[in-house]
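Using the sequences and the hints given, assemble the complete structure.
Protein chains in written order, with numbering that gives the first Met the number 0: chain A, 0 to 337; chain B, 0 to 337.
Source of the hints: derived by calculation from the structure; they are not laboratory data.
You may find that some hints are simply not true.
Unchecked claim - Have a look at the derived ranges for each label pair, beta carbon to beta carbon:
1) Asp25/B <-> Ala129/A: 40 to 46 Å
2) Gly234/A <-> Gly221/B: 26 to 32 Å
3) Asn1/B <-> Met0/A: 22 to 28 Å
4) Glu29/B <-> Gly227/A: 46 to 52 Å
5) Ala309/B <-> Ser12/A: 28 to 34 Å
6) Glu84/B <-> Glu298/A: 29 to 35 Å
7) Ser57/B <-> Arg312/A: 22 to 28 Å
Unchecked claim - Think about it this way: if two alpha-carbon atoms lie no more than 20 Å apart in a straight line, the pair counts; the simulated EDC-like pairs of lysine to aspartate or glutamate are:
8) Lys328/A <-> Asp270/A
9) Lys189/A <-> Glu219/A
10) Lys3/B <-> Glu40/B
11) Lys202/A <-> Asp262/A
12) Lys333/A <-> Glu40/B
13) Lys202/A <-> Asp161/A
14) Lys328/B <-> Asp98/A
15) Lys202/B <-> Glu163/B
16) Lys328/A <-> Asp262/B
Quantities reported herein were computed from a predicted structural model and do not represent experimental measurements.
In this text, a Cβ means the ideal position worked out from N, Cα and C, and glycines have one as well.
Here's the letter readout for the chains.
2 protein chains.
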Amino acid sequence: MNIKTLAKLCGVSVSTVSRAMNGHPDVSDEVRRKVLQTAQEHHYVPNGAARDLVRRPSDAIGIVVKGVGNIFFTAVIRAIENATEDEGFTFVLHQINTDEDELLAGETLARSKNLRGLIFLGGRCDYTSAQTALLTVPFVCCTYRNSFGTLAEDAYSSVTVDDEREAETAVSYLIENGHRDVAILLSCAKDGSVGELRYAGYKNALAKAGIPADPALTAESGGYSLHGAYRAAAGLVASGARFTALFAAADTMALAAVRALFDAGLRVPEDVSVISIDGISVSQYTVPALTTLVQPAEELGRTAVSMLVAIIRGEAINRHVTLAAALRKGESVKKVSG
Amino acid sequence: MNIKTLAKLCGVSVSTVSRAMNGHPDVSDEVRRKVLQTAQEHHYVPNGAARDLVRRPSDAIGIVVKGVGNIFFTAVIRAIENATEDEGFTFVLHQINTDEDELLAGETLARSKNLRGLIFLGGRCDYTSAQTALLTVPFVCCTYRNSFGTLAEDAYSSVTVDDEREAETAVSYLIENGHRDVAILLSCAKDGSVGELRYAGYKNALAKAGIPADPALTAESGGYSLHGAYRAAAGLVASGARFTALFAAADTMALAAVRALFDAGLRVPEDVSVISIDGISVSQYTVPALTTLVQPAEELGRTAVSMLVAIIRGEAINRHVTLAAALRKGESVKKVSG
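In structure tokens form, the structure reads like this:
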């Protein structure tokens, strides 16, 4: 099988195949996926001296960061870079938007940079084995796992907090403080991502306290931008829904929500208590300081690298590590008479 | 000249030379600098088949980010990555702490990854030509230039805002709003960095308004951490110094200062007005929203890449680009009767 046959099978030009496999940005996702899948099905091996040179074993690990400008990821990326270098590997970073496909981006990166393995920082929790079959190198999901998908446990590795349980802890903390009308602010309640797990944790906490979940108290921002979170929180207030507490699925969303509440004449925590998950450093310095469940950013990054390196070296197989988050009490939760 | 001779000249082992030149982390900065400088003085070319392979022309551009966790840099890094890929180059990221030497880190990265050029995101403004002689590839300083150093203009490229002038604009805005007792919060008033330029802008604004600069109103945090900025601002208040306005040299420092003022019983802007430089998105959502001079993060990153690529391709020579910041009025500055 040569590149001409591959191009014919895919119904595209030889030049398009070449550009698709080398990560050229002017190729559509659809075409790139088709080329990569067809190449894999037919065991296509690129030819030519240049390709041979590139294909010698490299020492590079790729990290695909999904969610540009996610402040929480900054500390994780730094830990991953340090750990990668400590292990003697090269660190290759690629950032994508939240609406891009991390698997496709990862495989394109792996091929064009001849990577030994991939770390996905952020991604969907509902992969099918057909989707991940695209990947030709071992990979570790960092800060998420395949909770809604069909991957076998031994087909991938992950390191994460228990998002459902930590969300339940956060919401239970609000309930312990006397709140019964608890709203939730998240990207999407059903998107096969970490947000959906945190939504499940929110509902678990309510159920355990015998509080019926009120759909009117769910605000979806459709993303993680500050602007989107602000609008969703403002919409919740404008809807007339009554709540004394809010659980936000990320610190940045909580900060935007505090601002939206403020602009609506509601003060935190006097009128509405707010809790979130992440523990970015800036949320300790806002007024009020956020009460949040701190994810162990450094440990998440270091663990992802050590797991991947052990697999690359043939010293370990795929496994799944759960780390604990820790409650950091700020000033955004107030006790009320329940 | 072979590696044995080089090792002898440096007074270290062959293995140390090899590790120093390949960016191994267990070599001290002092030894690495000596090895790199000696190698360059004696035109040492690494030998061996592996090295020959690595030494073929690469398509990689390195970016050295000084100041881990600097939220403002997040948007610039993203722009640099996008522009690098658009130009058909590979993007290699390396992050260092503010106390590390970016030139040394850059040259080590350039050698070990066979880079075509370097972008320094953040760095000192006082390089000597002896220091930059270490670098074997073209480089662009992004967000700073060599204002206090001895480099010839044609020896390097830079893209930045006019930090001195923008700081003057910020402080003049406070003065226009009736403030005469204006404090400044910065990392260090005399560290040969952007902070020193912003300090000069602060003094210019005072001088133009005929206000004597009061040394008691300068608070130095010794770095850009939120914690350091908080302590420095708290110390300023505790010193008993009287001021009605504060210019912070970065948005994150301003956020920490607002918190320190709050903890000391002072409200922003009712008791103290605050202005800063950067324009990170989170500072639009805090209470109060920060009034700040927004740096064009996207344009800074894109310009750095296009300048470097033009030099690599032999289409341009070193040059210096100044971009404008824009005042974003928030809620942290109050007009007082001056």
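To see whether the hints hold, each was checked on the structure:
{"no.": "1", "hint": "Asp25/B <-> Ala129/A: 40 to 46 Å", "in the structure": "holds, 44 Å"}
{"no.": "2", "hint": "Gly234/A <-> Gly221/B: 26 to 32 Å", "in the structure": "violated, 43 Å"}
{"no.": "3", "hint": "Asn1/B <-> Met0/A: 22 to 28 Å", "in the structure": "violated, 45 Å"}
{"no.": "4", "hint": "Glu29/B <-> Gly227/A: 46 to 52 Å", "in the structure": "holds, 49 Å"}
{"no.": "5", "hint": "Ala309/B <-> Ser12/A: 28 to 34 Å", "in the structure": "holds, 30 Å"}
{"no.": "6", "hint": "Glu84/B <-> Glu298/A: 29 to 35 Å", "in the structure": "holds, 31 Å"}
{"no.": "7", "hint": "Ser57/B <-> Arg312/A: 22 to 28 Å", "in the structure": "holds, 26 Å"}
{"no.": "8", "hint": "Lys328/A <-> Asp270/A", "in the structure": "holds, 18 Å"}
{"no.": "9", "hint": "Lys189/A <-> Glu219/A", "in the structure": "holds, 10 Å"}
{"no.": "10", "hint": "Lys3/B <-> Glu40/B", "in the structure": "holds, 16 Å"}
{"no.": "11", "hint": "Lys202/A <-> Asp262/A", "in the structure": "violated, 28 Å"}
{"no.": "12", "hint": "Lys333/A <-> Glu40/B", "in the structure": "violated, 66 Å"}
{"no.": "13", "hint": "Lys202/A <-> Asp161/A", "in the structure": "holds, 15 Å"}
{"no.": "14", "hint": "Lys328/B <-> Asp98/A", "in the structure": "violated, 32 Å"}
{"no.": "15", "hint": "Lys202/B <-> Glu163/B", "in the structure": "holds, 10 Å"}
{"no.": "16", "hint": "Lys328/A <-> Asp262/B", "in the structure": "holds, 17 Å"}
Checked against the numbered hints above, the structure violates hints 2, 3, 11, 12 and 14; every other hint is satisfied.
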